[in-house]
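Just so you know, the protein sequences line up as chains A and B, in that order.
Note that this note's numbering gives residue 285 to position 285 of the first sequence, counting from 1, and the numbers run on in steps of one.
Note that this note's numbering gives residue 471 to position 471 of the second sequence, counting from 1, and the numbers run on in steps of one.
Calculated directly from the structure, the hints in this document are not laboratory data.
A hint or two may mislead.
[As the list claims (entries may be wrong)] Below, a sample of chain B positions facing chain A; criterion: calculated Cβ distance under 10 Å:
hint : residue
1    : Ala-519
2    : Leu-521
3    : Leu-548
4    : Met-556
5    : Cys-611
6    : Ser-669
7    : Arg-677
8    : Gly-682
9    : Phe-696
10   : Ile-797
11   : Gly-800
12   : Leu-810
13   : Ala-835
14   : Leu-851
15   : Ala-869
[Unchecked claim] Covered by chain A, according to a simulated footprint, are these stretches of chain B (three or more residues, beta-carbon under 8 Å):
hint : segment
16   : 27-41
17   : 47-55
18   : 533-544
19   : 586-595
20   : 686-693
21   : 774-781
22   : 837-843
[Unchecked claim] In silico EDC-like links for lysine to aspartate or glutamate, alpha-carbon gap of 20 Å or less:
hint : chain 1 : residue 1 : chain 2 : residue 2
23   : A       : Lys-472   : B       : Glu-837
24   : A       : Lys-473   : B       : Glu-837
25   : A       : Lys-472   : B       : Glu-840
26   : A       : Lys-156   : A       : Asp-256
Beta carbons: idealized from backbone N, C-alpha and C, even for Gly.
In case you want the letters, here they are:
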Amino acid sequence: MSSDPLRRRRSTHAALAAHGEAWVWLTGGCLALAMAMIIGVLGYIVSEGVATFWPRPIELIELTDGRKVLGEETGRDTAPDGTGRRLVRTANFELTGKHFEWFDDGEVTATTRPAEATVVERLEGGRFQGFPTRLLHGDEVVATGGEEAWRGFREKHPDVRRRWREAWRIDKGDRGELQRKLRAARLAVVQAELSAGADSPAGAAAAAAEKAVAAEVEAQERRLDERTAELRAGNEGWGLEFTTAPGESVVLPLADIVRAWQPNKLSFAERLGVYASRWGEFLGDDPREANSAGGVFPAIWGTIAMTLIMALLVAPFGVLAALYLREYASRGPMTAAVRIAINNLAGVPSIVYGAFGLGFFCYVLGGSIDELLFRPALVADGQPTFGTGGLLWASLTLALLTLPVVIVATEEALSAVPNSMREGSYACGASKWQTIRRIVLPRALPGIMTGLILAMARGAGEVAPLMLVGVKKLALDLPIDGTFPFVHPEREFMHLAYLIYDVGFQSPNSQAAKPMVFTITFLLVAIIALLNVAAIWIRGRLRRRYVSQQF
Amino acid sequence: MNPDASFTGRARRRTTRPGVRFGDTLARAVITLGGIGTIAAVLLMGVFLLAVALPLFRSASIGGHATTSLDAVGGGGADAPAVMALGTDDTGEIAWNLDLAAGRMRLLDLADGAVVLDRPLGEAGSGLDGATALRVHPGSTLAVVGFADGAFRTATVGVESTFIPEAEIAADARAIAVGKALPDANGAVLRSAVDRWARIRVVTAAAGEPARELSGRIVDVDVTPLTGGPLVAAVDGTGAIRVERRSTKRNMLTGKEVTKRDGATIPAEAEVAGAAAAKAIHLRLSELGDQLWAISADGRGRRYSIREVDKPVLMESFDAGGGADVTAVVRVFGGNALAVGDAAGVVRVFFTSRQADATAEDGLAVVAAKTFPAADAARPERVTTLAASPRSRLFAAADAAGTVRLLHSTAGTTVLSVNAVAADRLAGAPRLLAMGARETTLLAADGRGIVSWGFDAGYPEISPGTLFRPVWYENYPGAVHAWETTGHQTFESKFGFIPLVVGTIKATLYAMLFATPVAILAAIFSSQFLHPSWRSRIKPVIEMMASLPSVVLGFMAGLVIAPLVERGLAPVIAGFFVVPLTLLLGAHLWQLLPTGARMRLAAWRLPIIGCLGLPVGCLASVTSAPLLERLLFGGDLRAWLDGRGGSGLGGWVLAFLPVAAIAATMICSRLVNPWLRGVSIGWPPRRAALVSLAVFGGGVVLTVALAVAAATFLDAIRLDARGGLLGSYVQRNAMIVAFGMSFAVIPLIFTIADDALSSVPDHLRSASLGAGATPWQTAIRVILPAATSGIFSAVMIGLGRAVGETMIVLMAAGNTPIMDWSLFSGFQTLSAAIATELPEAARGSSHYRVLFLAALTLFSLTFVLNTVAEIIRERFRRRSHEL
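Make a model of the complete structure from these sequences and hints.
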């Protein structure tokens, strides 16, 4: 015991309670929970997204009832009674009527990994899994036996695939081009009739021109027909015969096979090859099977095009508005009110912008543009050109949505420029605009860029308004492509974020589509994270610059 | 000294170069214009939303009228029986009038009431002469006529209009003015627009063989088109009813068409055949042809099921008149409801609905769902006639005083009212009404004249009443709040806003209940107890969560978290209680450490909590879940939620645990701690920590005891938690949405709250610590009160985000506009309704405008929330500046 009278009165319990350790732990728990949530979600997306295309081994499962199933185990869980069960991707939808099946551990008698088990990705019908037995060409048997047939397949398949690809390119690209030409000629006729009457010389000329175009198109189509027929004939008859695990025999045309591999036999390098090839298809090709397989190139392209156009639209207007508010507008309650209003608009739900975009841009603005400039299309087939959702309207809507973000960021960047610099500039005799252009804007540029990039990140991930103003589940005609006039602001487009919603929630085979959704999500999150990191990096640079330039 | 002399000796230009001046002016102009323009454009959004939504509440308007006197063209006279039909062509500019008493078919130009065509019927052998009853199916030319000898037959009556290609327009037709018509061979040519002409052909022809099963004079007939052929019904003066279905089949070999008639005759009931027989009976078929309604003039109604047309079954008798005689009956558009007018001027809307006390064998009962009182309550006049719109649930009613009203059967409102009897209108009370095909013209006729009005009904199905109050929709057992907008053309759209508003509030409420405490507590820890170098790393990570697109969060919530939680519901629910408990236990164990070790490890508290506390808590909830399930929910939580087995006790215990915990904490701090404070003077710290652990254990036991006691009490008075906050579990529900939404809301609230907490001036903190307060006391008593307004504004901004969040709700809430507050049921929000329904809503339709009203609601709500937050934050900033 101390002799100090103050110390004697000290209560140990009160001292302990004053530290509020229990409460601190609760607050710490909340922070840890928030961290765990973000790390958990990101980790899950990354692990699932990265693993999707990795070729995993497939197993031959023998069941107690004598059934044999070939499949890839995709999940496990425990039933309430404690027995384990596994979800197996059994594929072969046309034979079994299902893509996935659950098996109780008790049902399974043996699992093996046969070396010749083959996974086939097909153009349609989902995956196929079986054992190759023969390579066929018409009635002729080219190779028999698993090894031989597989080797033969590896040899022939690239040729078949190349021919298929060329035919596909003709069908999609060249024919589409011809149809567009024909439609343009037809619209020219309608235009002439509308403006000058059906019997006028202009109308007659347009009609004659249309006839010429039609004849030319027909000739070219015939040529394309010949070419595709030739290509298809080359692929005709090539087929790979498989035996499925239950023993059924199935012949798959080689042209329908996108890719096939024998996962149990692959070396690490080969595995990597399959992985890279699937990523390549994912990033560079069109989607297949209601977007649940294949690539997402149109969506990537659509996302990029939309985001860039949005940035082009939002940057000048955002900077103008911020310059006005910060440098020109007189300081008063009015400006303060406007500033609060703009701040608030950043918090208005995105779907409200979507409704506005549909009602104002598409219907009012687009409808008027159609009436004025695209009457022929409206009259000829009743199709609106700008009067419906499209790239331009989507970009404009998102530009409006992100405008407050850019204005606020720009204003902050402008106000971060020290007044001493402005005053110095004025003292040297520079005019206001000269000061802004030479002194203020260059200093504020990194801040403006940060705001813009954050706006782009928000725009790239926003989907609710886009559902109303022009995003489609399938739009293979790219909004920016090689045909004149290169940018097609009226076209509907695909978007990565919308694809997540569409594939994840509206797909007929949602279980098989799930890995695809994870990959798309991974891609989208990666893009957005990249943009965010860029913004943070620029912000860091901006700060350093100010630290060194402060005077 | 010479003032112009320069210091350097060189003469300097003292004027600004014109180029610079010009550039400056131009820049000012461009920036001012562009800036103001941009800001105005953004702010105009609200104005536009308002402009689209506002017409919903515009009241109906009626235009000028045009009168045609039939006396001048040989009308039937006021006394002749009104066997007439009225209608318009598709454009609503030309009316047709079939007057069987006078034997004439007329076309009238509605612009000025001029008679375009007036033609006797007889010549074509139309087979309609001498008809005593006539009914034309609204919206088509299908008709049925009955005769004095008891025969009745189908017919086509009305006009058919076709557009004329420009090449075929005759020279005289080109000369007519827009909106005018010219008679031609069998009808008229109408110039409906500058470059559009339509040919209007009059059709009046009987079709098929007459049915002769009835013997008395036919008093009423009805017809409805079914896929095989029309279904017709007729009643004669003796009260006998004949209903039959005609189906035409073409013989594949001979090509001959054979018409088959299936039907039955319902003999007159004894009492009908007697005294009341002189009074006419109103007969109506339902649009789908499954029901037949017969209403005698004294108000006794009978409903027959005619699903099998040759075997009509009497379902029930009902009172249609409410004491007064029934004078007019019409089938409302959609074909499920009847509007009945009586001699007291009252119009009632009847339909069948499932009722508990129904006597009919199909379990349905006829109910008078809507009652429209007489136009003039002081002097009620007999309803003379009713007419339904061919495209909406609007119908017109006329009374003997000549007042014509437009009524809406869904909304139960009087849309507009106009007087038909006046010097320049009709002489007598209207006997017949009709509404134009486009619902823009209203026609009324007595025996001697026809008057027409142009009108604009606006959006009669939308009113504050239908949006926000329960409405009795057709075939519903009672008035409900409902949102149901997609359906076929005759579907009765239900624009009840309340389910969506409830869904929005529910999503916001549950999300905020979860996210707000987590975010604010996390902000307190990160701003007060975290080392700055840790903090600078952790904050961006949480901010990154804010930039995750909501579609990703929705997908995670809907497709990953939802199935996971569905399988492990009990552990998740247990986790809400067990994890905090574990953390508190951890803190008390931590206190047992020697003071020195505690000080040295203080910086590592977060990793210890995160890597040890949380996992242990999760593990504990997983292991304790089966026990909890057995103790409280009879072993199966899902079955308990479905209402199978178990008493309401379990739910109440869980609901009362938080309250009980607060009570227990209060008891500890008020009673136990003061006592301990006195006792513990001079105790070694370890002993104090042990005692504190014991007190904590006691508090937990007390909490559980209190909760169980409260729950037992509520259970004893037979209250069940199920049906309120808890209910049947669906995979996508409010709890999943709350999880998903918290990913979006937590970082938002966290960032702003953290900024607010850490921007409290440092001298306050230093002073408090210097005066001997612990960091916890400083945080709670000094920093938190100073930052309250900042934290409040953070919550408001989080609220704004949660209210309008679309994708998460769309993907994780199941999108069913159900109205309840259960944590485990699905719902739909305003934003999700906009996202899914707006692309399909026709521009300018009431559905479209109602969705814009939803958008406007969200806009104003978030705008107000954010403004309040901004103002509070501004005040906070000023105050913390002053501190």
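Violated hints - listed by number, lowest first: none
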